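Student: Here are the chains, one letter per residue:
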Amino acid sequence: MIWMKRNLFRSVGDSLLTVVFGSVAVYVLWGVLQFVFVTGRWDIIQVNLKLLLVGRFPEELLWLVSGSIMALAFWVSAAATSSQSTKEARPGFGRRIWEAFQRFGLLAATGLLLIAVSGDRASLVMGAMILGSIILGQLVGFARRTLSPLNALPGWIWHPLLAVAPIVLVALTLSQASLDLWGGFLINFYIAIISIVLSFPFGILLALGRKSTLPIVRLISTTYIELIRGAPLFVLLLLAGVALEFFVPSSMAPGQIARAVTVFTLFTAAYVAEIVRGGLQSIPAGQTEAGKALGLNTTKITTLVTLPQALRNVIPAQIGQFISLFKDTTLAGVALNVLDLLNVGTAITAQDDFLGQGLIYETLAFVALLFWVGSYVMSRESQRIEKKLGVGQR
Amino acid sequence: MSSLPSAPTKPPLWRDIRVLRWAFQLLVLALVIAFVYWLYGNYQTNVARSSIPTDLRFLDNPANFTMPGNDLDQSQPVRDAFVQGFYNTLRVSIVGILLTTVLGTLVGIARLSKNFMVRTFATAYVELIRNIPLLLLLTFMNLAVILQTFPRIENAWLPLNLFVISNRGIAIPWFTGSGGILLAVLASALVLTWIVVKIRGRVSDINGKPARGLTWGLPTFIVVMVAGWIVLGYDWVLPFVDDRATSGGLRLDPSFFALLVTLVVYTSSHVAEIVRGSIQAVVKGQSEAADALALSGGQKMRLVILPQAFRIAMPALGNQFLNLIKNSSLGATISYFELTQIAQITVGNGSPAVPAFTLTLLVYLMISLVTSVIVNIVNRRLALVER
Amino acid sequence: MKKNVAIMAALAAVTLVVSGCAATADDTSAETAPATTETVETVAVSSVLDSVMEAGVVKCGTRDALPGFAVLQEDGTHVGFDSDFCKAIAAAVLGDAAAVDMVDLETADRFTALQNGSVDVLVRNTTWTASRDGGEAATFLQPTFYDGQGMMVTADSGYGSVSDMDGAIICVAKGTTTEGNAALESSRLGLDWEVRSYDETELILQAFLAGQCDGWSSDVSQLTGLRSAYPDGAEALTILPEVFSKEPLAPAVLDGDTQWAQIVNWTILATIQAEEFGITSANVDSIAASTEDVSIQRFLGLELVSDDGSAVLDPGLGLPSDFAYQVVKQVGNYGEIFERHLTPLGLERGVNALWTNGGVLYAPPYR
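Protein sequences appear in the order of chains R, B and L.
So for the first sequence, our numbering puts the first residue at 1; every next one is plus one.
So for the second sequence, our numbering puts the first residue at 1; every next one is plus one.
So for the third sequence, our numbering puts the first residue at 1; every next one is plus one.
Same shape as in the complex, but just chain R:
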């Protein structure tokens, strides 16, 4: 009761605010619950679930996608578990379960929702297998930490060894199923990941170029960065949709996804460059001076002293940029007609069974849910990393 008085009813004005906002919240929540459970017609999602999640991926090759997801889950959990330190105090088992729940509960709930919506046994089996591969990864990581033969393997052998299976599976998926058939949520992820990976080295080069003392290099880098940052992504995509083929020899005519990846890479590189430049500027001058005192030349100072620290400091900002990129992949759907999640969501409302029934709300709600869960989980992880690294506190 004291809590209520202090937090909700401090004064007359305060109480008024509580009442107003409280009633609005109740009204909105009630409407949403009614929509989700009573009036919403979710069969459009059920029927089109495959189209929404993977687009027109060939049915017979879908096992490659599930296999890749399982391998990736295994890799991530094994790598994470095997690099945990045995020296620091580990909280009790119950507490660890609670923390895992906090971190991954939302993801697990969404996975369960998807399985429930699809309503068939195959997806239940797939969900169980993904869970199994995560647990297997944990066991393998644990074994690495405790069992003596594995313990002796140096890190630079162990981690690539773990990565072999997922990389092979992903490469197989890419080679077997033509990229133009990929679609749905899968293609949003794919474009985002490829673009951020490709833009990373390019962005670092641009950042170094912008800080360089060589005037021509600085001019070229600055011009590029300012040009790209001043342009709307939507217009760049539209331009790439019509212009890219003019700039390459006709034998290399790019497909829609290749265009999307090109534009997103070039676009993100400029933003990554700004982030890295900010990181470089935040390194105290003392570091550079210490490097000079040790007799290192500029290149060595950059690669061994400043850049590693800068990159470590800007990891949260990088993750933020990735989240932003992930959400912006929806623009590729409108501008380049890539069959991404939002595009599919709009297109399926025109099917014979569903035309003109106002089912756009259901599809948009589903699309919003998937994007929201993805972005929210990633931003929470980034906050966690920020806290663990102690960025800005040391």
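Take these hints with a grain of salt, some might be off.
DSS-like mimics (lysine-lysine), calculated; alpha carbons at most 27 angstroms apart, straight line [stated by the list, open to error]: (1) B:Lys284 / R:Lys5; (2) B:Lys10 / R:Lys300; (3) R:Lys292 / B:Lys10; (4) B:Lys10 / R:Lys5; (5) R:Lys388 / B:Lys284; (6) R:Lys211 / R:Lys300; (7) B:Lys284 / R:Lys387; (8) B:Lys300 / B:Lys284.
Don't read these hints as lab results, they were simulated from the structure.
Keep in mind it's a predicted model, so treat the numbers as computed, not measured.
Let chain R serve as the given structure and place chains B and L on it in line with the hints.
Tutor: The following block gives chains B and L in isolation, referenced to the frame of chain R:
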């Protein structure tokens, strides 16, 4: 007794750092130029093969379309349509920036409120909006709000008989007469008000009584505006429903409204986070000093915290403003006739795509650069002068 | 900071120069283009037929949500009038109607997809106009559907004719001839229209349902399809009698490859010719076995026995000799395709009937 070094010998050419630096730069420059030249060569070959025009002559062709909100005739050249699109982009951007700052600041302060309900509401708002794509929000705003909530023109809402609200737009009362002269009256009213506030401030400095700038300034403003209105013979025109349209008054395009609301809601969620972070970054001592001076909560926020917080937040805010301007290009998906929509329509009507979109890109670049220069100027004025 | 100002000034200067000197800027490549296209034709970079045979699929540009013409199904296939013609081309060239890769294209970039080779042929209810023939590097072929642009309104709107619609709001799809036509029509009739244009049909439908648009202007075939699927029933909508443009919908291929153009052309013509002969997918086998008519035998690629020995007509188009047989067997003749997809929407044959039935469909003789 070490021997002094002899006169410094010049290092050989291939180890001389100055030569190396310049050689490297020239190499980079040569690579970039070669790359650009290769691109240009491909462009020429491919364009020659496909007989598509690549110059800007299409700007002289008749537009063959009209758009709401202006008097553009369809026989006017495409160039005029582009200019109108440019104005529309500016319109939504400027209004959007103003509203975003207000809403974002309010939500940012609300996130730090002591009231649990307000705090939770603001947090839920920010976390919800920040994590969904803008395009999704825009599609939703267009469909759910404009098309579902607003009534059909036959059943339009007529609040106070002053406005006409329907899904074809919002009509507000407007004045008859020259807009430019009214703007001049507005400007002079603002100048006079500012003078009055300054005078009151000086008077208050001398005799120590409260300045009461607002109580003097506001009536001044109102008096000048009303006087100008009456003297120059302006009159109101109220909108009304006329068959299936609204006559009289000024009709705001529903797409403009949807785009504006979406941009404001989306960008203000980012601005709220920035404002919150910058309020928390204001040194705690300031807040405690304000408490020691017995300033009320509102006074503390207004006079002590917010000015300092804005100084910290300004660069990040400028970034968000730029984002808003660039995001306005998504208005093309809901048929708001801003720059990108104009470009798409002229391309559909036969204009060559590459020059049209390149021109659009250049215009956006210009707008962005001007805005960042303005933000930089504001930044420098606000920046603390370190002793 | 100074760099910022310098770049801004440079860009502003560039933008001003570029937009102000529109009239004086000229591009020699545009002038020389007509001269070079002829030489390019004979020195084809790689013929489309070769690349299609090598790839084993025909890449067909289509759309994903037009009732009756092309609709994307749950299993990823497309069903519709245009989709069937795509399949016919695959059946003719590769012998397998399923060897087709349907590429969904937005209206705004359907021609660029053709120009850069992402699709081999565009069968996407596209209107054949002079400026597209010339300006989009496209060659149009036998029209599959002679259409016109019309206006659809709600039955209770009180509009009886287009000239009643002064001051109305019209919704159209972006990037089509519809906007230009609507503008010309409104100026011809002296009406004042406000035009709203969207990328997606679903958005136009929502706007129309909510009463934001008074009228929906598009090709009559599209309007009929949409009217048949209207949630409140087809009687709630009226398609106004005026047709204000000629819209012959025809497949298109890229300029420069005459062989491929002729292949697509004769595939379409084969369906028309088959209907004229009375050959359907059901009876094609029995007719092939039993017919005495020489012209039908030639058409289906059957051997012609004559005094000099037997021979099969090969007109040198680059198609297998039994292409017409494959097309009719696997897809059907023109009438079957029409009845399968367009008759359920309520579209009459009208002008799209055979010349013997008062329409304009007339296939040149296959000999």
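Student: Decide if the proposed pair is consistent with the structure: Lys284 (chain B) and Lys387 (chain R), CA atoms, cutoff 27 angstroms inclusive.
Tutor: With a Cα-Cα distance of about 21 angstroms, the restraint between Lys284 (chain B) and Lys387 (chain R) holds, given a limit of 27 angstroms.
Student: Does the alpha-carbon distance linking Lys10 (chain B) and Lys5 (chain R) stay inside the 27 angstroms limit?
Tutor: Cα-Cα ~81 angstroms, so violated.
Student: Would you check the hint for Lys388 (chain R) and Lys284 (chain B), treating anything up to 27 angstroms between C-alpha atoms as holding?
Tutor: holds, 25 angstroms
Student: Under the criterion that the straight-line Cα-Cα distance not exceed 27 angstroms, is the pair Lys10 (chain B), Lys300 (chain R) satisfied?
Tutor: Cα-Cα ~24 angstroms, so holds.
Student: Would the hint linking Lys211 (chain R) and Lys300 (chain R) be met if the CA-CA limit is 27 angstroms?
Tutor: With Cα atoms ~15 angstroms apart, Lys211 (chain R) and Lys300 (chain R) stay inside 27 angstroms; holds.
Student: Can the restraint linking Lys284 (chain B) and Lys5 (chain R) be considered satisfied, given a maximum Cα separation of 27 angstroms?
Tutor: holds, 26 angstroms
Student: Take the C-alpha atoms of Lys292 (chain R) and Lys10 (chain B), compute the straight-line distance between them, and say whether it is at most 27 angstroms.
Tutor: holds, 22 angstroms
Student: Within 27 angstroms, alpha carbon to alpha carbon, are Lys300 (chain B) and Lys284 (chain B)?
Tutor: Since the Cα atoms of Lys300 (chain B) and Lys284 (chain B) sit roughly 12 angstroms apart, the hinted pair holds (cutoff 27 angstroms).
Hint compliance for this structure: hint 4 is the single one not met.
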